[in-house]
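**Q** The hints should help you fit chain B onto chain A, whose structure is shown.
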Amino acid sequence: MSPTPIAWQAETVPVAGIALHLARAGAGAPVLVLHHDIGRPEPSPFDDALARSFSVLAPSHPGYDKSPRPDWMRSVRDVAVVYQWLLGERELTRDLTLVGLGLGGWIAAEMATMAPRAFKRLVLVGAMGIKPERGEIADQALLSYIDYVRRGFADQRAFDRLFGAEPTTAQLEQWDLNREMTFRIAWKPYMYGATLPHLLGGVATPALVVWGREDRIVPLECGERYAKSLPRARLAIVEGAGHFVDMEKPDELAQLVIRFVNEA
Amino acid sequence: MHLMYFTEQPMSAYDAQAGLDFGATALMFSNRHFDPVAGSRLYNEYLEHYRLAEEVGFDGIMLNEHHNAPFCMQAKCNVFASILAAMTRRVKLVLLGNPLPLADNPVRLAEELAMIDMVSRGRLVSGFVRGGGQEQLAAGVNPAYNRERFEEAHALIVKAWTQTGPFRWEGTHYQHRVVNPWAVPLQTPHPRVWIPGVLSKETIVWAAKQRYPYIALSTEIEATKKIWELYDKVALETGYAGGPEYRGYLQRCHVAETEEKAMANAKQFMWMQGEFTGLAHPVWSSPSGYFSPSYRTAFVEYAVGRRSNPRGAAFEDQITNQQIVAGTPKTVIPKLRRLLEETRPSIMGFWASDGFVSNEDTKTCIRLLGQEVLPALRDIGKELGLWSPFEANAPTSIHFAEPARLKDAARQA
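In the order they appear, the protein sequences are chains A and B.
Using numbering that gives the first Met the number 0, the letters of the first sequence map in sequence onto residues 0 to 263.
Using numbering that gives the first Met the number 0, the letters of the second sequence map in sequence onto residues 0 to 412.
Okay, chain A solo, but in the shape it has when bound (with noise of 0.2 Å):
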């Protein structure tokens, strides 16, 4: 039995000079999903399984996939003070439950640092921003564009059924396009901050830190130092994920998320 197909609706929203792009679907308690560096898949199951229990809104990164480039943003604290204000124009930071992925879980943990008790939820997947200790975070610079998408994944299968064993030229182009809005706004370091480990210790909001067993592009010690720095946080291991939890393990990764918002 194939689920429902979710019905998504997509407006513009101007926030700092930026047409940005705004998903949006289901119904029931906000929660804003944070995507990759390498852009929002569409279809994405994992949001698809989220609107089935929450009014989801997909935001496209500025520069990244639908939202235009803007020229003058630097850095990803930038990306996270443009969501808050986002959410302060629709009056959605009451009750809202945020979910990063990867990149958008660095955005994410940023806006959890600037407004401690704002949030209802945090869920971090996978996310950059930590500097490792032991191991690095995969240099994206040093990777095709496939190299490094299917570095992200545990099982090359999932990688084929998402994006074919060959994917399209205009899939290339896009991905090179965030690339490069990525390397805009987290070349130096790359894609962590020095300074986030400090803050988080006043993040009041609970969090659930969750990691694919098998990540190769962030390493699972990045996860165990978010789900230590956080006060009310801890940690969730997907067996059989790599960095795309979301793309590999997309109802699991729900699933998680959903007892994580409803057990309060």
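Since the hints were made in silico from the structure, they are not lab data.
Computed from a predicted model, the values in this text were never measured in an experiment.
Please note that a few of the clues may not be correct.
[Claimed, not checked] Residues from chain B shown here face chain A by an in silico Cβ test under 7 Å; the list is partial:
id	residue
1	L136
2	V233
3	S287
4	P328
[Unchecked claim] As a list, the in silico DSS-like pairs of lysine-lysine whose alpha-carbon atoms are at most 30 Å apart:
id	chain 1	residue 1	chain 2	residue 2
5	B	K362	B	K260
6	B	K225	B	K266
7	A	K227	A	K119
8	A	K187	B	K75
9	A	K187	B	K406
10	A	K187	A	K65
11	A	K65	B	K200
12	A	K227	A	K187
13	A	K187	B	K158
14	B	K224	B	K158
15	B	K224	B	K334
16	B	K406	B	K75
[Stated by the list, open to error] What the simulated footprint calls covered on chain B by chain A, stretch by stretch (three residues with Cβ under 8 Å from a Cβ of chain A suffice, anywhere in the stretch; the number is not a length):
id	stretch
17	137–146
18	293–301
Cβ atoms here follow ideal geometry from the backbone N, Cα and C, with glycine treated the same way.
**A** Positioned in the frame of chain A, the structure of chain B alone reads:
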């Protein structure tokens, strides 16, 4: 004409098989394959070649730099320019050039270049480049801001050279609360700036708008003509007429006593092309944001192996289309005449040998070029009216109508 000697300073003394096995000889190809004993010998041979080039009559020595690759040992062109400033007496020191985006402190570059200009008694030509794609990674510099950094660093350096300090610079990529370098160039308004390039239209347009000569790096004759079409069009729009004094060309050209020997040694040009293009890494050489958005489709396809590198023509084809010229002085002169007639540059760089060409053969090549080829080219240049920027007293730039010259006191001394 302005005739220059050039070498990439190849580090040929490494295990080529290791490079083939690794699949790339750039950026991540381990420097454990670099042998400093051979490096020391080669650096000193190259200095000997530069000295000989001045002796046999070249007008200039062209220098460049690259990083993390064996095809070019020169990691800082200002270092060799400094040595040559003291070691030579007559030749122009033509840096093509300093990769501006790689610099975190352009004021420091302005100082170094001013020192080279003073030590050389005003013989500096200071070219600027963006640096190769992989060099952004070698230097840890953001490829997405490459062109912005290039333009801003250039503006800051020219200001540091031409306006007295102290002044303050609050730019997008560079902030200097005090700019007041005590080393300033001997030439006024500032040393000439030439811009080399091979691929980016944006660079040609930028050079033409600045009224800086553009140096085409070993492009095919037809491609070179297209470069000059674009340059001349932008020049007209900018308010001046292009022409030979704005045109430079780097020619691979090996000369020997016999055709057979010249051809055998010229094959070594493929060594570097194998390194540079064939064995360049498609991802590392084209980081996102580095290339013009108009090439995005081509580069994403190149990066995943769906498109071959457009620059990798076969040796025989490059002999035919004259990207490589080789022979005895007698046979290369007509070929060079064709290039001069068809593309009309006044600045010519001679990339004389590469790869494993022996020290002796390189010196023979330099000698033959100086004694037999250069005089013939000077005659052809006169016949065709190919006056260099120095001969034509061309303006320093769009902002400075006067030609670069020594400060008055230095001229009287």
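**Q** Would you mind marking each hint as holding or not holding in the structure?
**A** Taking the hints in turn, this is what the structure says about them:
Proximity of L136(B) to chain A holds as hinted, the smallest CB-CB distance being about 6 Å (cut-off 7 Å). Taking 7 Å as the C-beta contact cut-off toward chain A, the hint placing V233(B) at the interface is violated, the least distance being around 24 Å. For S287(B), the suggested interface contact is upheld, since its CB lies about 4 Å from the closest CB of chain A, less than 7 Å. Checking P328(B) against chain A: minimum C-beta separation of about 46 Å lies over 7 Å; hint violated.
With a C-alpha separation of about 14 Å, the suggested pairing of K362(B) with K260(B) holds against the 30 Å cut-off. Only pairs whose Cα atoms come within 30 Å are accepted, and K225(B) paired with K266(B) is accepted, the gap being roughly 27 Å. Restraint check for K227(A) and K119(A): the C-alpha separation of about 19 Å stays at or below 30 Å, so the hint holds. Taking the CA atoms of K187(A) and K75(B), the gap is near 23 Å; set against the 30 Å cutoff, the hint holds.
Between K187(A) and K406(B) the alpha-carbon distance is near 43 Å, which puts this suggested pair outside the 30 Å criterion. With a C-alpha separation of about 25 Å, the suggested pair K187(A) and K65(A) falls inside the 30 Å cut-off, and the hint holds. With a C-alpha separation of about 28 Å, the suggested pairing of K65(A) with K200(B) holds against the 30 Å cut-off. Of the pairs offered as hints, the one joining K227(A) and K187(A) holds, with about 25 Å between alpha carbons and a cut-off of 30 Å not exceeded.
Between K187(A) and K158(B), the direct Cα distance comes to roughly 28 Å. Compliance with the 30 Å bound is thereby established for this hinted pair. With a C-alpha separation of about 33 Å, the suggested pair K224(B) and K158(B) falls outside the 30 Å cut-off, and the hint is violated. Under the criterion of a C-alpha separation no larger than 30 Å, the hint pairing K224(B) with K334(B) is consistent with the structure, at around 16 Å. This hinted pair checks out: K406(B) and K75(B) have alpha carbons roughly 27 Å apart, not beyond 30 Å.
With a threshold of 8 Å between beta carbons, the proposed coverage of the stretch 137–146 of chain B by chain A holds, since 5 of its residues qualify and at least three are required. Here's how the stretch 293–301 of chain B fares: 5 of its residues keep a CB closer than 8 Å to some CB of chain A, so the rule of at least three is met and the hint holds.
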